[in-house]
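Colleague: Respectively, the protein sequence lines represent chains A and B. Per my numbering, the first sequence starts with residue 93, numbered consecutively. Per my numbering, the second sequence starts with residue 93, numbered consecutively.
Among these hints, one or two may not hold up.
Some chain A residues near chain B, calculated using beta-carbon distances under 8 Å [to be verified]: (1) Gly275; (2) Leu395; (3) Lys440.
Per the computed footprint, the stretches of chain B lying under chain A, defined by three or more beta-carbons under 8 Å from a beta-carbon of chain A, are [said to hold, decoys possible]: (4) 301-314; (5) 411-418.
Cut-off 30 Å, straight-line C-alpha distance, at most; resulting in silico cross-link-like pairs (DSS-like, lysine-lysine) [what the hints assert, rightly or not]: (6) Lys371/A with Lys312/B; (7) Lys233/A with Lys233/B; (8) Lys233/A with Lys312/A; (9) Lys360/B with Lys343/B; (10) Lys343/B with Lys440/A; (11) Lys440/B with Lys371/B; (12) Lys371/B with Lys360/B; (13) Lys368/B with Lys343/B; (14) Lys343/B with Lys312/B; (15) Lys440/B with Lys233/A; (16) Lys360/B with Lys312/B; (17) Lys368/B with Lys440/B; (18) Lys368/B with Lys312/B; (19) Lys233/A with Lys371/B; (20) Lys343/A with Lys371/A; (21) Lys368/A with Lys312/B; (22) Lys371/B with Lys312/B; (23) Lys440/A with Lys368/A; (24) Lys360/A with Lys371/A; (25) Lys440/A with Lys440/B; (26) Lys312/A with Lys368/A.
These aren't lab readings, by the way, just hints derived from the structure by calculation. Since the model is a prediction, treat every value here as computed from it, not as a measurement. The C-beta atom is built at its ideal place from N, Cα and C for all residues, glycine as well.
Protein chains: 2
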Amino acid sequence: MLTHTEALHAVLSAAIPGPVETRSMDLAAGAVLREDLLADRDQPPFDRATMDGIAFSRTAWEAGVRRLTIEGIQPAGAPALRLSEPAAGCFRIMTGAVLPAGCDGVLESEQVLFEETVAQIADTAVWQPHRNVHGQGSDKKAGHVLLAGGCVLTPQRLAIAISAGAASVCVSQPLRAMVVSTGNELVDLGEALAPYQIRPSNAYGLVAALRDYGCRAARKHVPDDLEAMRELFSASVTEVDLILVSGGVSKGLYDFVPRALEEAGVEKIFHRVAQKPGKPLWFGQHPQGATVFGLPGNPVSTLIGFREYVVPWLRRSLGLPDALTEWVTLNDLPASVAPLTGYFPVRKAPDMNHPCAVDLVAYQGSGHLAALAESDGYVVIDPEVVPNLTTAIPVPFRGWGAI
Amino acid sequence: MLTHTEALHAVLSAAIPGPVETRSMDLAAGAVLREDLLADRDQPPFDRATMDGIAFSRTAWEAGVRRLTIEGIQPAGAPALRLSEPAAGCFRIMTGAVLPAGCDGVLESEQVLFEETVAQIADTAVWQPHRNVHGQGSDKKAGHVLLAGGCVLTPQRLAIAISAGAASVCVSQPLRAMVVSTGNELVDLGEALAPYQIRPSNAYGLVAALRDYGCRAARKHVPDDLEAMRELFSASVTEVDLILVSGGVSKGLYDFVPRALEEAGVEKIFHRVAQKPGKPLWFGQHPQGATVFGLPGNPVSTLIGFREYVVPWLRRSLGLPDALTEWVTLNDLPASVAPLTGYFPVRKAPDMNHPCAVDLVAYQGSGHLAALAESDGYVVIDPEVVPNLTTAIPVPFRGWGAI
Numbered sequence: 093m094l095t096h097t098e099a100l101h102a103v104l105s106a107a108i109p110g111p112v113e114t115r116s117m118d119l120a121a122g123a124v125l126r127e128d129l130l131a132d133r134d135q136p137p138f139d140r141a142t143m144d145g146i147a148f149s150r151t152a153w154e155a156g157v158r159r160l161t162i163e164g165i166q167p168a169g170a171p172a173l174r175l176s177e178p179a180a181g182c183f184r185i186m187t188g189a190v191l192p193a194g195c196d197g198v199l200e201s202e203q204v205l206f207e208e209t210v211a212q213i214a215d216t217a218v219w220q221p222h223r224n225v226h227g228q229g230s231d232k233k234a235g236h237v238l239l240a241g242g243c244v245l246t247p248q249r250l251a252i253a254i255s256a257g258a259a260s261v262c263v264s265q266p267l268r269a270m271v272v273s274t275g276n277e278l279v280d281l282g283e284a285l286a287p288y289q290i291r292p293s294n295a296y297g298l299v300a301a302l303r304d305y306g307c308r309a310a311r312k313h314v315p316d317d318l319e320a321m322r323e324l325f326s327a328s329v330t331e332v333d334l335i336l337v338s339g340g341v342s343k344g345l346y347d348f349v350p351r352a353l354e355e356a357g358v359e360k361i362f363h364r365v366a367q368k369p370g371k372p373l374w375f376g377q378h379p380q381g382a383t384v385f386g387l388p389g390n391p392v393s394t395l396i397g398f399r400e401y402v403v404p405w406l407r408r409s410l411g412l413p414d415a416l417t418e419w420v421t422l423n424d425l426p427a428s429v430a431p432l433t434g435y436f437p438v439r440k441a442p443d444m445n446h447p448c449a450v451d452l453v454a455y456q457g458s459g460h461l462a463a464l465a466e467s468d469g470y471v472v473i474d475p476e477v478v479p480n481l482t483t484a485i486p487v488p489f490r491g492w493g494a495i
Numbered sequence: 093m094l095t096h097t098e099a100l101h102a103v104l105s106a107a108i109p110g111p112v113e114t115r116s117m118d119l120a121a122g123a124v125l126r127e128d129l130l131a132d133r134d135q136p137p138f139d140r141a142t143m144d145g146i147a148f149s150r151t152a153w154e155a156g157v158r159r160l161t162i163e164g165i166q167p168a169g170a171p172a173l174r175l176s177e178p179a180a181g182c183f184r185i186m187t188g189a190v191l192p193a194g195c196d197g198v199l200e201s202e203q204v205l206f207e208e209t210v211a212q213i214a215d216t217a218v219w220q221p222h223r224n225v226h227g228q229g230s231d232k233k234a235g236h237v238l239l240a241g242g243c244v245l246t247p248q249r250l251a252i253a254i255s256a257g258a259a260s261v262c263v264s265q266p267l268r269a270m271v272v273s274t275g276n277e278l279v280d281l282g283e284a285l286a287p288y289q290i291r292p293s294n295a296y297g298l299v300a301a302l303r304d305y306g307c308r309a310a311r312k313h314v315p316d317d318l319e320a321m322r323e324l325f326s327a328s329v330t331e332v333d334l335i336l337v338s339g340g341v342s343k344g345l346y347d348f349v350p351r352a353l354e355e356a357g358v359e360k361i362f363h364r365v366a367q368k369p370g371k372p373l374w375f376g377q378h379p380q381g382a383t384v385f386g387l388p389g390n391p392v393s394t395l396i397g398f399r400e401y402v403v404p405w406l407r408r409s410l411g412l413p414d415a416l417t418e419w420v421t422l423n424d425l426p427a428s429v430a431p432l433t434g435y436f437p438v439r440k441a442p443d444m445n446h447p448c449a450v451d452l453v454a455y456q457g458s459g460h461l462a463a464l465a466e467s468d469g470y471v472v473i474d475p476e477v478v479p480n481l482t483t484a485i486p487v488p489f490r491g492w493g494a495i
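If we strip away everything but chain A, and leave its shape as in the complex, we get (with noise of 0.2 Å):
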């Protein structure tokens, strides 16, 4: 049996990053960048104001000249003007306007006394060339990378990629996937419901969480039966990148789907991983077509199987950099853990004493689904940190949600 880390490894072997298309700006947002952006002029593009106030030249300065006759003004989004006399003279300049020629710098309308065409500066006035002005090409040089790919297109990048002026980017297609629920206890929202049967959650909560990272996924169920569940995968295998399987991956009479997908062309890779919950895990791969995680289907073990394994094949896949591990401090140790790598649901407990502390939320194992709607996520305690653990010692989470 693997252990979580050697499961993990084998997954992220398992994917590489996916085709890519080219979308218009309205519709990039939440998108992963796969080209490197580049400044298409220099960042800022001229020397720009930063400041409402005079500009002038150092000529007029260095020779202590204080009052300056008023050339004009100079608007932001107008052609540069050009200061006639430097000895004398000075623009009224705004916020984001183009440096006038002729001029080495802004004062800012604070130090300054405005009369009818006289600019006069206040004896206090502190000022050298280059103030208050932001110099053509300091934030970036034309040509140079402004955004590298394999990043989330977020409002902040989307802006830096309109400031380039691209039309459309190239990003990552939406992955197409498919979730299965099995299990002759499902019945779907809406249908009456027999004491012994339940809802299908998994299915539901996958789905939205494959959205989340904008997968196209549809929702089906198949009942306890080898031969629907072998029809199912094999008409679907070749037509999907993903197919994630909820249930009917242990060792009971009715576990058919391991074999099922065999039988689909579907090669295994690992099946049961030293973890708990969610130890019977199924992991495998269409030559052909999709990659397909059979998840335990205890809601706990799915929604955890699909964040520790899942989530970080879908960064691969979508052409993101594997995600940095957070790092939390626990308030509360576990009353008990198995010499297996445990997961916990957590909730965050921050203060400016405990930057990074969760509360462990109460838990009773991995059917307990309800235990999660105050949870933010959960932590990863592995059997060799357990001797010396302590609420002291950092250990990883993993947060529930997006990218």
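Chain A is already provided as a structure; the job is to place chain B on it using the hints.
Modeller: Showing chain B alone in chain A's frame:
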């Protein structure tokens, strides 16, 4: 001039939870739940087997019987069978199945040798009543709150709602928002650009950020013209819930936004905050209409103003609790800090020994949009903390991105 704390308080005081709507579960992912969801039945709804194995009676176990006649199979999704010979019989049982009538617990298959019609229990087997049984109602009793209103329906919370059979839920209505860029220097994507002109990156970024909060956001542009601004604001202020204006809020000759908003009936609540960047922030509300943020136009000021003031307003308006403050430690300190609340872009740099460490990113001021490409958010440094600021002292962190 208000402090950052006073300004935030004024913004929050102006926010009230907005209207709700009923949405089917297929469309509810990511929405804000606005009702308490109760358990429709006990969870689990029956005494549920947590392992594959055999179910039998304490009578047989306590009498020392270790060879039991298999009376049948109890699969998941089938009605409970009844044990006819409590002293000598058992059922094979599958994970997720109902505990059959007359049985007190389950012994896992690993402890059982299965013959044709007999289950031989290992001499070393340990068992007691309720073993491997997830008791009816032990997670949640029928009628108790499963999911409290005022939370985002993340995938795991969606799964919890599904488990209670909710076919539709009461969620926050999408807020109607308008993003207005101002400035004669702005030229939209696809149009030719003069050297003194730039792209409307703020407006695109703000629209994307608002959509992360489920808002319906339209994008408009007005030139630096009082009349045009007054017209646009008057026409839309009663049509939307939120207006974000970028630029035109400072003291320049062409900064008409505050005047145009007030002439359109928007009552000013405050203008200017003792912070850097983003000092010229304007905030107001129309008595029968929109809440309006006038965000300074320097791109870093715009995005920080959004994250610092608009996001808390959005959370209140969507019916979410205020976010917990996240704390981080700085690996390096800012070179200079003005006597104002300072915001500095940072990149997360956690490791096991510095679990909440961040690095400052190279940053030249509020015009330096490109600096945000590699940032995960920014830290907040209030003037009071500056004298004692060290790399050991946690400071507040705000991440970019969604709820």
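Colleague: Each hint: holds or not?
Modeller: Hint check:
For Gly275/A, the shortest C-beta to C-beta distance to chain B is roughly 6 Å, which falls under 8 Å, so the interface hint holds. Taken as an interface hint, Leu395/A checks out: its beta carbon lies about 5 Å from the nearest beta carbon of chain B, inside 8 Å. At a threshold of 8 Å, the smallest CB-CB gap from Lys440/A to chain B is about 7 Å, leaving the interface hint in force. By the rule of at least three residues with a Cβ nearer than 8 Å to a Cβ of chain A, the coverage given for the region 301-314 of chain B holds, with 3 such residues.
Counting residues of the region 411-418 of chain B whose CB lies closer than 8 Å to any CB of chain A gives 3, so the stated coverage by that chain holds, three being the minimum. At most 30 Å may separate the alpha-carbon atoms for a hinted pair to count; Lys371/A and Lys312/B exceed this at roughly 53 Å. For the hint linking Lys233/A to Lys233/B, the alpha-carbon distance of about 64 Å lies beyond 30 Å, and the restraint is violated. Distance restraint check for Lys233/A and Lys312/A: the Cα-Cα separation of roughly 52 Å exceeds the 30 Å cut-off, and the hinted pair is therefore not satisfied.
Pair hint Lys360/B plus Lys343/B holds up; C-alpha atoms about 16 Å apart against a cutoff of 30 Å. Only pairs whose Cα atoms come within 30 Å are accepted, and Lys343/B paired with Lys440/A is rejected, the gap being roughly 43 Å. A threshold of 30 Å between alpha carbons decides the hint, and for Lys440/B with Lys371/B the separation of about 26 Å falls inside it, so the pair holds. Restraint check for Lys371/B and Lys360/B: the C-alpha separation of about 16 Å stays at or below 30 Å, so the hint holds.
For the hint linking Lys368/B to Lys343/B, the alpha-carbon distance of about 16 Å falls within 30 Å, and the restraint holds. At most 30 Å may separate the alpha-carbon atoms for a hinted pair to count; Lys343/B and Lys312/B meet this at roughly 23 Å. A threshold of 30 Å between alpha carbons decides the hint, and for Lys440/B with Lys233/A the separation of about 26 Å falls inside it, so the pair holds. Between Lys360/B and Lys312/B, the direct Cα distance comes to roughly 22 Å. Compliance with the 30 Å bound is thereby established for this hinted pair.
Our distance criterion of 30 Å between C-alpha atoms is met by Lys368/B and Lys440/B, whose separation comes to about 21 Å. Using a Cα cut-off of 30 Å, the hinted pair Lys368/B and Lys312/B holds, with the two alpha carbons roughly 27 Å apart. The straight-line distance between the Cα atoms of Lys233/A and Lys371/B is roughly 28 Å, inside the 30 Å bound, and the hint therefore holds. For the hint pairing Lys343/A with Lys371/A, the CA-to-CA distance comes to about 11 Å; that is within 30 Å, so the pair holds.
As the CA atoms of Lys368/A and Lys312/B are separated by approximately 53 Å, the hinted pair breaks the 30 Å bound. Only pairs whose Cα atoms come within 30 Å are accepted, and Lys371/B paired with Lys312/B is accepted, the gap being roughly 24 Å. Among the hinted pairs, Lys440/A with Lys368/A is consistent with the structure: their alpha-carbon atoms are about 21 Å apart, no more than 30 Å. Between Lys360/A and Lys371/A, the direct Cα distance comes to roughly 16 Å. Compliance with the 30 Å bound is thereby established for this hinted pair.
This hinted pair checks out: Lys440/A and Lys440/B have alpha carbons roughly 17 Å apart, not beyond 30 Å. Among the hinted pairs, Lys312/A with Lys368/A is consistent with the structure: their alpha-carbon atoms are about 27 Å apart, no more than 30 Å.
The structure shown violates the earlier hints numbered 6, 7, 8, 10 and 21.
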